[in-house]
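Colleague: Sequence:
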Amino acid sequence: MGLLSSIKSKASRSKSESDWNSESSADEKDAHGLGNASSSSNSFLATSNLDVHAIGYDTNQALTGRTLENISVNRVESGQTEYISLRQKKSSNSCALVRTSDQDRTLISTIYRFGPGRHPKMHIVPDNAKVSVDAALSNKSVPGEEVEVKSRSFTSRAQVFDTALGKYQWRYGDKQEKAAVNADSLLIMERADGVRVAQLIRNAELRTPGTVKYSGGNGGRLMIDLHTWENNDKGATSGVEAFVVASCILMLKREADRFIDNNIALVT
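In terms of our numbering, the sequence shown is residues 16 to 283.
Don't take every hint at face value.
[Unchecked claim] Below are the PhoX-like pairs computed for lysine-lysine, each with C-alpha atoms no more than 25 Å apart in a straight line:
(1) K136 / K165
(2) K136 / K155
(3) K182 / K165
(4) K145 / K190
(5) K190 / K155
(6) K105 / K155
(7) K145 / K104
(8) K228 / K182
(9) K165 / K155
(10) K136 / K190
(11) K165 / K105
(12) K145 / K155
(13) K155 / K104
(14) K182 / K155
(15) K165 / K104
[Stated by the list, open to error] Simulated restraints, written as ranges between beta carbons of each label pair:
(16) N143 / Q191: 36 to 46 Å
(17) E92 / K136: 30 to 40 Å
(18) K228 / E161: 30 to 40 Å
(19) K190 / S166: 18 to 28 Å
(20) E220 / N154: 19 to 29 Å
(21) A280 / T82: 13 to 23 Å
(22) T115 / P224: 16 to 26 Å
(23) K136 / N85: 14 to 24 Å
(24) G94 / Q191: 27 to 37 Å
(25) N64 / K228: 16 to 26 Å
Quick caveat, the hints were computed from the structure, so don't treat them as lab data. In this text, a Cβ means the ideal position worked out from N, Cα and C, and glycines have one as well.
Could you put the whole structure together from the sequences, leaning on the hints where they help?
Modeller: Here it is, written out as structure tokens:
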């Protein structure tokens with residue numbers, strides 16, 4: 016057996032003993048929202064259903080190198096591709112979210128920075144500005160709102176987004192929350208008061224075709240509840256949806272990075 020085959024076999028055995036998408040104790044604590052309020056899914060009713068098509072990484076891919084993947088997001092009802100997250104470099108996760116109908120106009124860019132404590136930054140481009148993908152990823156003077164993404168704590172996978180749209184967090188659902196929606200893995204986006212805004216469900220039926228349970232960064236069914244904006248500020252609805260999509264993709268990319276690092280650590 017060659018060295019690479021031996022490494023893959025060892026990693027495969029190890030990962031089968033532990034679900035890479037399972038919750039740590041820190042993630043369990045994050046299930047209580049940004050404040051003291053408990054997360055509420057009772058009023059959650061999806062107004063937007065999207066399929067996030069992301070291959071991510073399985074064990075073999077994690078050990079053989081990073082790929083350059085553009086992530087597409089399709090509307091479930093029509094099957095039409097609504098968004099594409101575009102990357103320019105294999106060596107960088109930095110990406111720009113565009114609508115399929117207007118790929119020359121960036122909606123939101125996400126810039127990843129190297130080094131400890133250097134969190135990703137998202138840039139929400141205003142509707143009246145036309146910014147190309149190249150400019151959005153390389154020009155620091157692009158107009159719009161800059162959002163620094165922060166972790167809840169050093170050990171937590173939950174990410175906090177403080178924006179003009181409000182304060183939100185993405186976190187991993189606990190066992191009860193996963194069971195309630197029949198999910199192998201559940202990502203939840205909620206407001207500061209714990210009200211659920213969106214969820215990404217991954218299971219045998221909804222995860223990106225061709226991917227498996229023990230993967231990192233693979234896609235699934237993204238469900239978004241836009242009732243608040245449809246009732247109070249309908250003009251903001253499309254912008255909120257785009258932000259939910261971009262921040263969800265950010266979570267998947269961070270998950271993929273952890274998955275790769277964990278697999279490499281197993282064999283070094």
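Colleague: So, for every hint listed, does it hold in this structure?
Modeller: Tested hints:
no.	hint	verdict
1	K136 / K165	holds (9 Å)
2	K136 / K155	holds (11 Å)
3	K182 / K165	holds (12 Å)
4	K145 / K190	violated (43 Å)
5	K190 / K155	violated (41 Å)
6	K105 / K155	holds (21 Å)
7	K145 / K104	holds (22 Å)
8	K228 / K182	violated (31 Å)
9	K165 / K155	holds (20 Å)
10	K136 / K190	violated (30 Å)
11	K165 / K105	holds (24 Å)
12	K145 / K155	holds (15 Å)
13	K155 / K104	holds (18 Å)
14	K182 / K155	holds (24 Å)
15	K165 / K104	holds (24 Å)
16	N143 / Q191: 36 to 46 Å	holds (44 Å)
17	E92 / K136: 30 to 40 Å	holds (33 Å)
18	K228 / E161: 30 to 40 Å	holds (36 Å)
19	K190 / S166: 18 to 28 Å	holds (22 Å)
20	E220 / N154: 19 to 29 Å	violated (41 Å)
21	A280 / T82: 13 to 23 Å	holds (20 Å)
22	T115 / P224: 16 to 26 Å	holds (19 Å)
23	K136 / N85: 14 to 24 Å	holds (20 Å)
24	G94 / Q191: 27 to 37 Å	holds (33 Å)
25	N64 / K228: 16 to 26 Å	holds (22 Å)
When the structure is compared with the earlier hints, violations turn up for hints 4, 5, 8, 10, 20 and for no others.
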